[in-house]
Each structure stands twice: as structure tokens, then as C-alpha cells.
Amino acid sequence: DGGITQSPKYLFRKEGQNVTLSCEQNLNHDAMYWYRQDPGQGLRLIYYSQIVNDFQKGDIAEGYSVSREKKESFPLTVTSAQKNPTAFYLCASTQLGEGQGFNQPQHFGDGTRLSIL
Amino acid sequence: AQKITQTQPGMFVQEKEAVTLDCTYDTSDQSYGLFWYKQPSSGEMIFLIYQGSYDEQNATEGRYSLNFQKARKSANLVISASQLGDSAMYFCAMTAPYNFNKFYFGSGTKLNVKP
Chain R
1 DGGITQSPKY
11 LFRKEGQNVT
21 LSCEQNLNHD
31 AMYWYRQDPG
41 QGLRLIYYSQ
51 IVNDFQKGDI
61 AEGYSVSREK
71 KESFPLTVTS
81 AQKNPTAFYL
91 CASTQLGEGQ
101 GFNQPQHFGD
111 GTRLSIL
Chain V
1 AQKITQTQPG
11 MFVQEKEAVT
21 LDCTYDTSDQ
31 SYGLFWYKQP
41 SSGEMIFLIY
51 QGSYDEQNAT
61 EGRYSLNFQK
71 ARKSANLVIS
81 ASQLGDSAMY
91 FCAMTAPYNF
101 NKFYFGSGTK
111 LNVKP
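In the order they appear, the protein sequences are chains R and V.
Note that this note's numbering gives residue 47 to position 47 of the first sequence, counting from 1, and the numbers run on in steps of one.
Note that this note's numbering gives residue 37 to position 37 of the second sequence, counting from 1, and the numbers run on in steps of one.
Since the hints were made in silico from the structure, they are not lab data.
Incorrect hints may appear among the rest.
To be verified - With a cut-off of at most 25 Å between alpha-carbon atoms, the simulated DMTMM-like pairs for lysine to aspartate or glutamate come out as follows:
#, chain 1, residue 1, chain 2, residue 2
1, V, 102, R, 38
2, V, 3, R, 69
3, V, 102, R, 54
4, R, 57, R, 38
5, R, 57, V, 61
6, R, 9, R, 59
7, V, 110, V, 29
8, R, 9, V, 44
9, V, 102, R, 62
10, V, 110, R, 38
11, V, 114, V, 61
12, R, 83, R, 38
13, R, 57, V, 26
14, R, 57, V, 29
15, V, 102, R, 110
16, V, 70, V, 29
17, R, 70, R, 54
Chain R extracted, bound-state conformation:
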């Protein structure tokens, strides 16, 4: 079955440590996204990428980094510079293409819950 796989489901970070959240999709989608969700809140965009080796900052990119070396993979690193990393992180993907610019839903993974030790 096609879909998006996020791992791990739960992650704990120590002070001063970088951690990496995995996101893999087998939907052959062009674009991938990372969102942060705080309790009782909506989704805020961290980074997004529409092609391999290219990505753009979202609204809250500080303290985070990404890479897009393969079409199917878009890992997110939460660096020690992110002082309040405790949140629920969601990865999404969607298909881009001519004539499909704004009618394609984003497909989401099941999320990773990150906490501070």
C-alpha cells in the first residue's frame, strides 16, 4: 500500500542533542512538507521541498534543518538551537503538476511525538 511512513513514533531528546525524524513516502509525490503541532493548536509549516536537492523555509524554520537527497525521503533534524522542541511533528506529501496546482490534498504520516528528557 502506498503511504507515508514516519519514524520513530516517540522520540526523546536530551539537552544539547540533535535528533532526526524520518519521513519516507512511496506515493511518488513531488512535494514534501514538515509541520509542527503544539497541543490544541493547528499545524505550522517548518520546511517544504518540491524537488530533490531543493527546499524552502516555512514559517518556523529556526532550529530545524532538512535534506532532500532522494525523492522519497525528507528527514527533519531538530537541532539544539530549537529551545522548545516538545511537539507533535507531521510529515506530508502531495503531487505537483501542471493543472494540479491547488486541487491535490496533502497526505500525512502518523506523526512523531518529540519530548525533552
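Position chain V against the provided structure of chain R, taking the given hints into account.
Quick look at chain V alone, frame taken from chain R:
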């Protein structure tokens, strides 16, 4: 910049009744897409329904329908015959056209269905 507003933080509905979740949006673009997602307590985001800005008919998907009023910039979700499994957070979202399909999400509405 696009903006989505959901003014109902929480709502209750009796099982088998219909409920309307409000969503208003702000954009200067003529072409855009509006989406509704359901997020159960487990956290996954489930796509429910889509409405394009040029669609003349209101979108429907099973028990979900979208009450689209373009002049008022509103895109309310109507759930008919509520079920206990409909209890969840509901998010309205909008795409940013010609901008890599960036989505803007509202703050969500927590729906509780009472037996």
C-alpha cells in the same frame, strides 16, 4: 498572505444530528483550494473533502458536505447524521496557488459527539 479562521474551539452534537463547523478564509487570489481534515486523538490527519474556488457546486463526500459561499469567503463543513466516531479535531486548510502547494491551516475545532 492567506489566512484561515476557525472560530469554534469546541463543539458538542448529539449522535445522529447534523453539525456545522465554521471556516472563513482571507485571500486576494482568484484561484485557490479549500480542504477539510479530521484528526482523531491518535494524531493522523485524514483528508475529508475538497472545494475549488471555481467549483459552482458545493462539494459532497458521503456524510460530509462543504457549504461554500465565495462572496463571504466561508467554507463551512457540514456533517450529517453524526456518529460517535466523528469525535475528533477538524481543520480547515487552504492552498497557496502557484506557490508549491503550501497549505495554510486553521486552529481547528474539537467536535464531541454525545450518545
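Right, here's what the structure says about each hint:
Under the criterion of a C-alpha separation no larger than 25 Å, the hint pairing residue 102 of chain V with residue 38 of chain R is consistent with the structure, at around 19 Å. For the hint pairing residue 3 of chain V with residue 69 of chain R, the CA-to-CA distance comes to about 32 Å; that exceeds 25 Å, so the pair is violated. Note on residue 102 of chain V and residue 54 of chain R: the hinted pairing holds, with a Cα-Cα distance of about 15 Å set against a maximum of 25 Å. About 19 Å separates the Cα atoms of residue 57 of chain R and residue 38 of chain R, which keeps this hinted pair within 25 Å; it holds.
A C-alpha spacing of about 34 Å is found between residue 57 of chain R and residue 61 of chain V, which places the hinted pair above 25 Å, so the restraint is violated. Taking the CA atoms of residue 9 of chain R and residue 59 of chain R, the gap is about 24 Å. The hint holds against a cut of 25 Å. Proposed proximity of residue 110 of chain V and residue 29 of chain V is contradicted: the alpha carbons are some 29 Å apart, above 25 Å. Proximity of residue 9 of chain R to residue 44 of chain V is assessed by CA-CA distance (about 12 Å); at most 25 Å being required, the pair is judged to hold.
For the hint pairing residue 102 of chain V with residue 62 of chain R, the CA-to-CA distance comes to about 18 Å; that is within 25 Å, so the pair holds. For the given pair, residue 110 of chain V sits about 15 Å from residue 38 of chain R by alpha-carbon distance, which is consistent with the 25 Å threshold. Proximity of residue 114 of chain V to residue 61 of chain V is assessed by CA-CA distance (about 23 Å); at most 25 Å being required, the pair is judged to hold. Note on residue 83 of chain R and residue 38 of chain R: the hinted pairing holds, with a Cα-Cα distance of about 14 Å set against a maximum of 25 Å.
The suggested pairing of residue 57 of chain R with residue 26 of chain V holds, with an alpha-carbon distance near 22 Å, which does not exceed 25 Å. Between residue 57 of chain R and residue 29 of chain V the CA atoms are separated by roughly 22 Å; this keeps the pair inside 25 Å, and the hint holds. Annotation: proposed proximity of residue 102 of chain V to residue 110 of chain R holds, straight-line Cα distance about 20 Å (limit 25 Å). For the proposed pair residue 70 of chain V and residue 29 of chain V, the alpha carbon gap of about 12 Å is at most 25 Å, so the pair holds.
Between the alpha carbons of residue 70 of chain R and residue 54 of chain R the distance comes to roughly 11 Å, so the proposed pair stays at or under 25 Å and holds.
Violated hints, listed in ascending order, are 2, 5 and 7; each of the other numbered hints is respected by the structure.
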